[in-house]
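Engineer: Read top to bottom, the protein sequences are chains P, A and B. Per the numbering used here, the first sequence starts with residue 1, numbered consecutively. Per the numbering used here, the second sequence starts with residue 358, numbered consecutively. Per the numbering used here, the third sequence starts with residue 648, numbered consecutively.
Possibly wrong hints are sitting among the right ones.
Label-pair distances were calculated between CB atoms; the ranges are [said to hold, decoys possible]: (1) B:Phe902 with A:Ser412: 30 to 40 Å; (2) A:Lys549 with P:Asp22: 27 to 37 Å; (3) P:Tyr15 with A:Ser412: 35 to 45 Å; (4) A:Lys463 with B:Arg741: 40 to 50 Å; (5) A:Leu386 with P:Thr2: 54 to 64 Å; (6) B:Arg741 with P:Asn184: 24 to 34 Å; (7) A:Leu386 with P:Thr63: 21 to 31 Å; (8) B:Gly773 with A:Leu386: 25 to 35 Å; (9) P:Val19 with B:Ala828: 30 to 40 Å; (10) B:Phe902 with A:Gly505: 24 to 34 Å; (11) P:Glu197 with B:Phe902: 41 to 51 Å.
Hints listed in this document are in silico derivations from the structure and should not be mistaken for laboratory results. Ideal Cβ placement from N, Cα and C applies to all residues, glycine included.
Here is how the chains run, residue by residue.
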Amino acid sequence: MTKTIVELQNVTKSYGTVVAVDNVSLAVSEGEFVVLLGPSGSGKTTILSMIGGFTVPTEGSITINGEDMTGTAPAFRPTVTVFQDYALFPHMTVFENVSFGLQMRKTGKAERQQRTEKSLDVVGLSGFGDRSVDQLSGGQRQRVALARAIAVEPAVLLLDEPLGALDLKIRQQMQGELVHLQNNIGATFVHVTHDQEEAMAIADNIVLINEGKIEDYGPPARVYLKPATLFAARFMGESNILSGDVESSESGFVVVNTAIGKLKVPGICEIGAKVSIAVRPEQLHPGTQTGEEIIDIGEVQVSEVTFQGTHRLCRAVPTTNQSDLSLLLRLPPEQRVKVGDVMSLYANRTQAVLLEK
Amino acid sequence: MSDLKGRNKKLKYFEFTRWATQPALIFTLIFFVTPLAIMVVISFWQRVYGKLVASWSGANYIKFFGTDYLLESLTNSIEVTLATTAISILLAYPLAYILAYRISPKWQKVILIFAVLPFWTAYVVRSYSWLLVISENGIINFVLTHLGIIDQPLQMAYTRGATILGFVHFFTMLLTLTIYANLVQIKPSYWKAAEDLGASKLQVFLRITLPLSIPGVAVGAFITFVIAIGDYITPQILGGSTEVLVPQAIMLQVSRAANFPMASVMSITLMLVIVVVYAITAKHLKMNRV
Amino acid sequence: MRLLRNLPSYVYLVLALSFIYLPVVVLVLFSFQDGVLPVFPFTGPSLQWYEKMLANERLVESLMNSVVVAILSSIVTTFLGFLAAYGMARRKPRFAGGIRFVLMAPLTVSYLIIAMGMLITLNLIGIPKSLFAVGLGHVVINLPLCFAIIYSQFGDHLRNIDWAARDLGASDAQTLLRVIAPIMKPSLLASFCLSATLSWDEFIIAFLLSRFDVTLPVIIFEMLRAGLTPEVNAAGTMVFAISMLTIGVSAIFVFIAFRGKK
């Protein structure tokens, strides 16, 4: 049972009448790579800021490493924050930047030298010590910011959208390096981002946040395949949402009356409740099949096709449909589809997710 | 983290930044606001037989506005300052204009600095040096007499004109700076657009450049007015004792009669004049980024 | 041809510059006067007045006084202005508008009035007329400028840099001294130089608030009242030269500092 290293208990942050973080409780285990994911303004950065000590919660408590640190200044927490704009000290060299934290701790010169060089080495910037900050590229500055943070060997590293300013290719590269770094130094990482692909690529656990509340929490695969809320289903990639009423519920299955017919999916719910069924585009398959687990989606007509390299993204409208429902599909690239084609679709019952409205 | 022991762990982050403004604020309150407040209070007191009496009356104000020579000092000051401001603007504007638009960019800064250099000589010295030029034995009289243009030396020093001359010399440089700074900010695309639409050079100046340069003129003029009306040295050195301006009158009250109440009355009146001038020019002072 | 078209402009430029430099030239010229009166005719260059001036102990002393007052008051001014600008920039205090108004107010009041007010107040507090009082007065008049200059240079990026430094363990003093101040160096330097120049030059506050030890402008005024001799010219020229030197050096410092930044 791994130890909980950061714990938020009923933490609320309000600015006047605006509630940025609403009664959030969260536990981060030691050594895990946790990603706080959410749209802009969701409160994820505020939560990070409170863990780091730059913002004080209006209510609730924050415990780090067993000690209550709700009102403690950042310097006295075993956390270090890597800021979105890196906040490198422009008047110092790379070496001076990285060794700053050690200097503040009055570490001996020899030890400081050794640990600074080690940090630079770990991020892949050995020999850059003498360079001045303005000579570096965006990616290099990011590494210096990381090196500066890990030089003091914090228990928890907080990252505030550190990859936001980087180009796509470098960003993907850095994602891998971050995971690698975390394994290397063994610290707990709390990483804030709005990019759900990034979150899925690097996280051990994703905390999905919206409007100050936690929508979902779990490993990337679980959050993606079995989202807990409607928001989660929509935010983590694309989802087809079929809403309807529960008609009957027995032996672990629920029959829902939707616009495309009655669908039987796993779940427990009371009769008459308004629910949604979420099915991912890649979970809809063309053709017909029989089997205990197959749901027949029915006949659809393709209204849009976009080639996306690895698949064709299609919009299709159920032919029997009265409402404006349109479904998103991903078809293999070699399958020739064009607008106007009619096809049948089926899905696997166990992949469909039942959600409260 | 134990290496950082000894400091208040529970100190919430913003404490320090909260009180960082206090020292400057307290200093200003003690050494600026309080003196002004005291002056206001004292202006309602009186000096009776060498002692300060808290009589709380407007007697001094009445005396000030009732005494001819004292009131005259106020009107003199306003006249002189207005004349100074006007003449300085008239001299400085063309100079700033030439610097901004007729001189090649690489020379502009150099000539500007050169033109403004004497601004930085000690104020006392700069005023005094005009005496060397305009006094009876000064350059102007020397040259004119030698050329036979005049028989008797002209009496130029120790007159109102001399005071204005001394002021204008100083403030022309100041106004050149502020107007120049404004002019170089105006985007050339405005003129091009105006010309494109059919405006002549004169119209471009009158309808585009001039209005856009008003903030620079206003700022310079305001600073000129404030400094000039409160200046003691230039009128004292160049104007002589034929005419008394408010600062000189104040100094007389302070040094001769030690009549601080009266001096306060005059100071406050001066400040009120400045406030009125500010109210009038305030809307022109905003230099928007055009 | 360009030259001809701009001829009136060039003429005006020359005339204007002549007007501006006329008294300065005369001043310097007559400081080398070989005679008693600083008037025409100009008889040969002579250094006698410079010798006399340098031998004038009181004058040399006042020169030292001016320098000391300028430097010390500027250090205080820059320090207070820096702290205030930092406080304002990092976290807007509740009455930000009001505080700014009070801090900038001295700019709109004539030096004479400030001097008088301080004269009365210092009397009441019990601080005697002295160079110290003059220094206080100079801080009052220069503080608004320092504050304005430094505050205007506080960029947004400083918030995270401030936080990063504290996160890594820096105390308030360490953050200010080792991180913020070095970054703000150009404006700190500019403020210091401006304050020093204005203080060095200043007359009325120095006149009213000093007693026996005076600053250079006051001495020169005294000399003027005593009578016009070329010694005043020599002193004046020297002041002019020193001012030029100070400004030149300051400008170079500030220019280098600002160029290094971004």
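Engineer: Hints broken by the structure, by number, lowest first?
Structural biologist: When the structure is compared with the hints, numbers 1, 2, 3, 6, 7, 8 and 10 turn out to be violated.
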